[in-house]
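Chains A and B, in that order, are what the protein sequence lines are.
For reference, each letter of the first sequence is one residue, going 1001 to 1238 in this note's numbering.
For reference, each letter of the second sequence is one residue, going 420 to 774 in this note's numbering.
Derived by calculation from the structure, the hints in this document are not laboratory data.
Misleading hints may appear alongside valid ones.
Said to hold, decoys possible - Some, not all, of what chain A presents toward chain B, calculated at C-beta under 8 Å:
{"#": "1", "residue": "T1034"}
{"#": "2", "residue": "S1036"}
{"#": "3", "residue": "P1041"}
{"#": "4", "residue": "G1051"}
{"#": "5", "residue": "I1054"}
{"#": "6", "residue": "F1069"}
{"#": "7", "residue": "T1078"}
{"#": "8", "residue": "K1080"}
{"#": "9", "residue": "C1086"}
{"#": "10", "residue": "G1211"}
{"#": "11", "residue": "S1222"}
{"#": "12", "residue": "A1224"}
{"#": "13", "residue": "Y1228"}
Ideal Cβ positions, reconstructed from N, Cα and C, are used throughout, including at glycine.
Single-letter residue listing:
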Amino acid sequence: MKILAIDTSSMVASAAVMDEEKLVAEYIINHKKTHSEQLMPIIEEVLESCGLNIREIDAIAVASGPGSFTGLRIGAATAKGLAHACDIKIIGVPTLDGLAFNLPYCQGIICPIMDARRNQVYTALYKWDRGNFYKLKPHCAIALSELLEDLKKREERIVFLGDGVPVHRDTIKKVLGDRAGFAPLNADRQRASSIAELALEALKRGEGQSGDVFVPFYLRKSQAEREYDKKHKPEDTE
Amino acid sequence: MGYIQRAAEKLERLKSGQNINILAIETSCDETSCAVVRNGREALSNVISTQIEVHKKYGGVVPEIASRKHIELIDYVVDESIKEAKVQLKSIDAIAVTMGPGLVGALLVGVSHAKAMAFALEVPLVGVHHIEGHICANYVQHKCMEPPFVCLVASGGHSHLVHVMDYGGYRILGKTRDDAAGEAFDKVARALGLGYPGGPLVEKEAQKGDPEAVDFPRTYLEPGSLDFSFSGLKTAVLNYLNVCRQRGEQVNTADVAASFQNAVVEVLVNKTMTAATKCGAEVVALAGGVASNDRLRKEFESRCADEGFLLKYPSKLLCTDNAAMIGTAGYYRLRRGLLSPMTLNAAASMEIDSY
Ligand SMILES: [Zn+2]
Chain A
1001 MKILAIDTSS MVASAAVMDE EKLVAEYIIN HKKTHSEQLM PIIEEVLESC GLNIREIDAI
1061 AVASGPGSFT GLRIGAATAK GLAHACDIKI IGVPTLDGLA FNLPYCQGII CPIMDARRNQ
1121 VYTALYKWDR GNFYKLKPHC AIALSELLED LKKREERIVF LGDGVPVHRD TIKKVLGDRA
1181 GFAPLNADRQ RASSIAELAL EALKRGEGQS GDVFVPFYLR KSQAEREYDK KHKPEDTE
Chain B
420 MGYIQRAAEK LERLKSGQNI NILAIETSCD ETSCAVVRNG REALSNVIST QIEVHKKYGG
480 VVPEIASRKH IELIDYVVDE SIKEAKVQLK SIDAIAVTMG PGLVGALLVG VSHAKAMAFA
540 LEVPLVGVHH IEGHICANYV QHKCMEPPFV CLVASGGHSH LVHVMDYGGY RILGKTRDDA
600 AGEAFDKVAR ALGLGYPGGP LVEKEAQKGD PEAVDFPRTY LEPGSLDFSF SGLKTAVLNY
660 LNVCRQRGEQ VNTADVAASF QNAVVEVLVN KTMTAATKCG AEVVALAGGV ASNDRLRKEF
720 ESRCADEGFL LKYPSKLLCT DNAAMIGTAG YYRLRRGLLS PMTLNAAASM EIDSY
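Based on the provided sequences and hints, a complete structural model is requested.
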């Protein structure tokens, strides 16, 4: 079972090939250049460097969201195109699951935060317990202050990672003090290998879907929809 | 050997080959469209999934919603076009995709999908200019039509007068300096409370009105200019409506629609006839969504007959945004050896005569 994984949910563009035995190849780049120009050449490079033809890939894994709307769609449209042409399945892996999985067997709580603009972060909480990876709090887009209120009530140490860290590091330290830790640079951003490994586990559980039904998980409505809803059903808060 | 070398090899074979099937994808605005075009002229399928209903309640196309819709629909539309064409994916020889101009987020869905498919199928990929596509809709409609000709491309996004000298040989004679013709229709439709999309609604309303009822301005700009300007006309309509409202007068919507349409058509026709004469063209062609306006077609019919030009225009379906026109444009680009690499990007704006 060979899987090609891609993640374009943030500034990072990444692609990896993994099978049940090993991570065969991975490419990560976090440098200003558009994903649209970068992604296919990266995929080509990753496959070529391990002598694989796309036809030898058994499934495509993709970071499904949340994240940059455009970034998610470039990843999704690419994954769908590859899956369509090769007639293979897509496994969508939530972006924050992938990020948190960068820190295996971490003690305490893992808290990925992605800058979601509008003074919010995309976040969720995770924990490792006796070798199992759990989600403590589901994906949400909330204000950092709200997240920190929640974390203050918990007792464990918390490790933060993601592109929200440089934006909010000082505030986090001020509120949580020594309880807050930050992931090292080699693990604090999206990596396609994490998406690949979670996708392999999902495949073993029989998950995965036909590419034509796959859509990104935006977590947020478009601005036009939010404004429309506000105007037409003001009793609805979200 | 990498993708691009393999694609280049296939392109060589394709140039001399027969029965070339091109899969084409168009997602530049609010239609998700996919087609299979044989030998550049025959649309074996041309599937268009329109999002008009989705955008209606917002009074116009919302880019983020359009992009989300494209990604939901793209695979189904591709599949449908393959099925309808009675071909198989493995008999696709090349892929053409609209790369711009248009809504970037929307374009990116088509471009990313097309690149991935071309890579996996190991076939040549070609990015196509949306307006070149509109012009080429004429080749799908008229199997023997060839350049040169002068073409008016008028739609919600563009108003261009183009001298088509050869396949891929374009000279822009004039274009709009502000609103596109179709955009003016949309804005006036909104002001008249007719809804969205404006083109067909204004046209329908105009059928009941008197085109001479209100004397709206015709903007010809400086002498000799083949550019367009429709924002003054749009403002004149809005002012007229305001004045009526202030005086408490009842507005005759049909008369306003008919007079507005008359003003747009007159300018489009006059400028196109001038352009055709200037270029010494024998054929005048129309393209784009506004080219499905019957009043415009009728006026062109009579003027071209009077002045000795041969008039060509595509069917109404081929006037809207559709992928068959992109497949045709892509075919002629490939024939000229033009390939797109895996770095192909979408562009919100780009020039038809230099890409
Ligand atoms: Zn168009």
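Run the structure past the numbered hints and jot down the numbers of the failing ones, going up.
-> Checked against the structure, the only hint that fails is number 4, while the rest are satisfied.
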